[in-house]
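First to last, the sequence lines map onto chains A and B.
With my numbering as the guide, the letters of the first sequence map in order to residues 18 to 485.
With my numbering as the guide, the letters of the second sequence map in order to residues -13 to 51.
Mixed in with the good hints there might be a few duds.
Unchecked claim - Keeping only pairs whose Cα atoms sit at most 30 Å apart, straight-line, the calculated DSSO-like set for lysine-lysine is:
1) B:Lys47 - A:Lys267
2) A:Lys305 - A:Lys27
3) A:Lys388 - B:Lys47
No lab work stands behind these hints, which were simulated from the structure alone.
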Amino acid sequence: MTDIAELTLKDLAAAIKRKKVSSLEVTKALIARIDKWQPKLNAFARVEAEDALKAAKAADRALAAGRAKGPLHGVPLAHKDMYYSKGKLAECGSKIRKGFVPTTTATAVERLEAAGSFRLGAVNMVEFAYGPTGHNVHTGNVCNPWDPTRITGGSSSGSGSAVGARLVPAALGSDTGGSIRMPAHFCGTAGFKPTNNRVSRANCMPLSFTLDTVGPLARTAEDCAIIMSIISGPDPRDPTTALAPKWDAKKAKRPAKGLTIGVPKNFYLDNLEPDVAKAYDVALTTFKKLGVKIVEVTLPDQTLVTAAAMAVIAVEAATYHAPWLRERPDDYGAQVRNRLQNGLTYSGIEYLEALRWRAHALEAHLATIGKCDAVLAPVSRAVAPTIADTDVGGAPNAEGVIQGITRLMRPINYLGLPTLVVQAGFGQHDMPIGLQLIGRPFNDETLAALGIAFQGVTDFHTKAPKLP
Amino acid sequence: MSEVTPERVAAIAAATHIPLPDGGAARIAGALSPIVARYVAEKIAMPLETEPSSFLAVQLKDAGL
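Can you make the complete structure from the sequences, with help from the hints?
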């Protein structure tokens, strides 16, 4: 059979279910691959090989006895090191939470495990999920599998690196300001930031209670949809999901023909590198061939939306961290401490103004996109820059480079919109390029439909990096 | 939102008992001033009745829920 690591989540789960391969064989193969790649990438915070092999054997026994748990039976996964699993370390990429062992399990993880998956370990992340590049002074920088001198993007750096390198078929990330979408773009994976309030955040490390979202990085849009179908929907432990609809699988599989994509006339297409602009144009042509209607849209001023987003995230992150900022400021990395202290800019009234305006900003956005099912935009103006060029402590123009590559992120978090990143080409230095399909509230399934259709006629998602 | 100055940042830090290093308030003011200025320039006016959870109402309305 095909190399196990090359199988998508969907195909891997199907192969285990049909007993073409055992869960134990899969787990051993992935551990062997991790052993080879980890020294180059630093994608994993820890590999729990012994426990994973036990879980794989148990999954094989259950399957043999006709007791398959669900659609992910026997599939090993590893998630960002901020998802709590009772009794397992969750250090959040930090010194401050070194040794932290939660007594609860994240709802998203519980649901994935109820569907049959089990834990292979945990993947690295930016300290407290507050950084866009993948640098981490405590756990070491995570490296891009396509070129280890380049960034993965953050903050779900390990999720992007591990999925991109085929060390796991999927991993949960989190997205408060682009932290699923950037690693997906830079590492050549798909990534799904759900509508805010669609997926439970219970028992995950928080950063911003207004803007945090939980979602997957995976090889394909279809794999992301599988994960979304399992983790979406109401959870009493996260009341913000009380009105969240469950995943509509039929809607996620509908044809793309007849759907409408908006092309933004402003902001998102400004100042792109030629390779990203070309990938965008080619993708538009592909969608047209699929029967998707393309219309131009003029969005409200996204710099204003970004400014509001920054007020919300800055204050909420500083609020969560205030006790440690008071008592253990020196235990943060300098860049993360600086970002947290930026929350001291805003008064209470200013913060609440930014929160109140969110409804009006979303109304304005929806009015400008009309009946569009999605807006197609680049994730970033360029492919992954180098780790050295984005080292805030060392490179002279690091802040400028970072601002350039993160510019297209924050409006989407503030507006709470679902977004799917799909691989759309390769650019300078043979680095991957992703594009983001930005949807309507609670219409995540439509993005899956568009992504699945796009990947049905393109092959960028099948390309894998070679061991550096 | 109003103008961000080092003095203002230092005052908020003092009020919240969060220590800042020497030059910290100036760094924050310098970094955040352009962003805050962009928001201030818009002079956003909202209906009195708007509250943060109005956002959820807009989400649900668009989704037909």
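Any hints this thing doesn't respect? Which numbers, in order?
The structure conflicts with no hint, since it agrees with every one listed earlier.
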